[in-house]
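Colleague: Single-letter residue listing:
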Amino acid sequence: DQQVKQNSPSLSVQEGRISILNCDYTNSMFDYFLWYKKYPAEGPTFLISISSIKDKNEDGRFTVFLNKSAKHLSLHIVPSQPGDSAVYFCAATGGTSYGKLTFGQGTILTVHP
Amino acid sequence: SAVISQKPSRDICQRGTSLTIQCQVDSQVTMMFWYRQQPGQSLTLIATANQGSEATYESGFVIDKFPISRPNLTFSTLTVSNMSPEDSSIYLCSATDGLLGNTEAFFGQGTRLTVV
Numbered sequence: 183d184q185q186v187k188q189n190s191p192s193l194s195v196q197e198g199r200i201s202i203l204n205c206d207y208t209n210s211m212f213d214y215f216l217w218y219k220k221y222p223a224e225g226p227t228f229l230i231s232i233s234s235i236k237d238k239n240e241d242g243r244f245t246v247f248l249n250k251s252a253k254h255l256s257l258h259i260v261p262s263q264p265g266d267s268a269v270y271f272c273a274a275t276g277g278t279s280y281g282k283l284t285f286g287q288g289t290i291l292t293v294h295p
Numbered sequence: 009s010a011v012i013s014q015k016p017s018r019d020i021c022q023r024g025t026s027l028t029i030q031c032q033v034d035s036q037v038t039m040m041f042w043y044r045q046q047p048g049q050s051l052t053l054i055a056t057a058n059q060g061s062e063a064t065y066e067s068g069f070v071i072d073k074f075p076i077s078r079p080n081l082t083f084s085t086l087t088v089s090n091m092s093p094e095d096s097s098i099y100l101c102s103a104t105d106g107l108l109g110n111t112e113a114f115f116g117q118g119t120r121l122t123v124v
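Chains H and R, in that order, give the protein sequences.
The letter at position 7 of the first sequence is residue 189 when you use this note's numbering, and the numbering goes up by one with no holes.
The letter at position 15 of the second sequence is residue 23 when you use this note's numbering, and the numbering goes up by one with no holes.
FYI, nobody ran anything at the bench for these hints, they're computed from the structure.
The beta-carbon is built from N, C-alpha and C at its ideal position, and this holds for glycine as well.
Do not take every clue at face value.
[What the hints assert, rightly or not] Chain R regions said to be covered by chain H (calculated; three or more residues, Cβ under 8 Å): (1) 49–61; (2) 113–124.
[As the list claims (entries may be wrong)] Straight-line Cα separation of at most 16 Å, EDC-like style, residue types lysine to aspartate or glutamate; simulated pairs: (3) R:Lys15 x R:Asp34; (4) R:Lys15 x H:Glu224; (5) H:Lys282 x R:Asp105; (6) H:Lys236 x H:Asp266; (7) H:Lys250 x H:Glu197; (8) H:Lys253 x H:Asp237; (9) R:Lys73 x R:Asp95; (10) H:Lys219 x R:Glu112; (11) H:Lys282 x R:Glu112; (12) H:Lys219 x H:Asp266; (13) H:Lys238 x H:Asp213; (14) H:Lys282 x R:Asp95; (15) H:Lys250 x H:Asp183; (16) H:Lys253 x H:Asp213; (17) H:Lys219 x H:Asp241.
Based on the provided sequences and hints, a complete structural model is requested.
Modeller: What follows is the structure, given as structure tokens:
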């Protein structure tokens, strides 16, 4: 049972444009969500997070939106840069599993110059 | 943010042997975890490494196959025992110091294991 899903395996975007990465979850106990970026041969790097008490969190070029009723979150990157090209993972935690992260399958983002 | 170092960064091992992966954090942390990323897959939690007591394993993972130690608040090891080619994966150590939201979960660079 895939509790966190990223349905787009890949996304290609032109430099300077917006990148939108999507994530859906099924477990209602999840109340904290994180986005990680991963380059090959490196561990995941934390990008941004959001608590279920908020519907938006912004940090520089990165904004995460949470729609609790739809159990959906998205990561917006504006403007996209070639250095943003990486695999992006959505992760969730909450309830009795607090601290343990459940990850989506990842989305490969490619930003073209 | 905590800095997490894993050793080795990669290894090629013969089937039937065991490999111990070390995870060192540069500061004391509350929680440490071990994850696995199989080829083309997402990250899956193996277990929570508990300081001074037995690790807590997720469904599908057992202590005999993945023994874990955590002797103090900055160090943990994961052993992959009696390896088979199906164990070829990236193994990742993660740590967090406190409640998520006040701090985040950080990851080591991973250990890429190939079993032949």
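Colleague: For every hint, state whether the structure bears it out.
Modeller: Now the hints, each set against the structure:
1. 49–61: Coverage by chain H holds here, the residue count being 6 at a Cβ distance below 8 Å.
2. 113–124: holds (count 7)
3. R:Lys15 x R:Asp34: holds, 14 Å
4. R:Lys15 x H:Glu224: Satisfied, since the Cα-Cα distance of roughly 13 Å is no more than 16 Å.
5. H:Lys282 x R:Asp105: holds, 13 Å
6. H:Lys236 x H:Asp266: violated, 25 Å
7. H:Lys250 x H:Glu197: With Cα atoms ~31 Å apart, Lys250 of chain H and Glu197 of chain H exceed 16 Å; violated.
8. H:Lys253 x H:Asp237: holds, 11 Å
9. R:Lys73 x R:Asp95: Answer holds: Lys73 of chain R to Asp95 of chain R is near 10 Å, not above 16 Å.
10. H:Lys219 x R:Glu112: holds, 14 Å
11. H:Lys282 x R:Glu112: Roughly 11 Å between the alpha carbons, so the hint for Lys282 of chain H and Glu112 of chain R holds.
12. H:Lys219 x H:Asp266: holds, 9 Å
13. H:Lys238 x H:Asp213: holds, 14 Å
14. H:Lys282 x R:Asp95: violated, 22 Å
15. H:Lys250 x H:Asp183: violated, 20 Å
16. H:Lys253 x H:Asp213: holds, 10 Å
17. H:Lys219 x H:Asp241: The given pair, whose Cα atoms are some 14 Å apart, holds under the 16 Å limit.
Going through the hint list in order, the structure does not satisfy hints 6, 7, 14 and 15.
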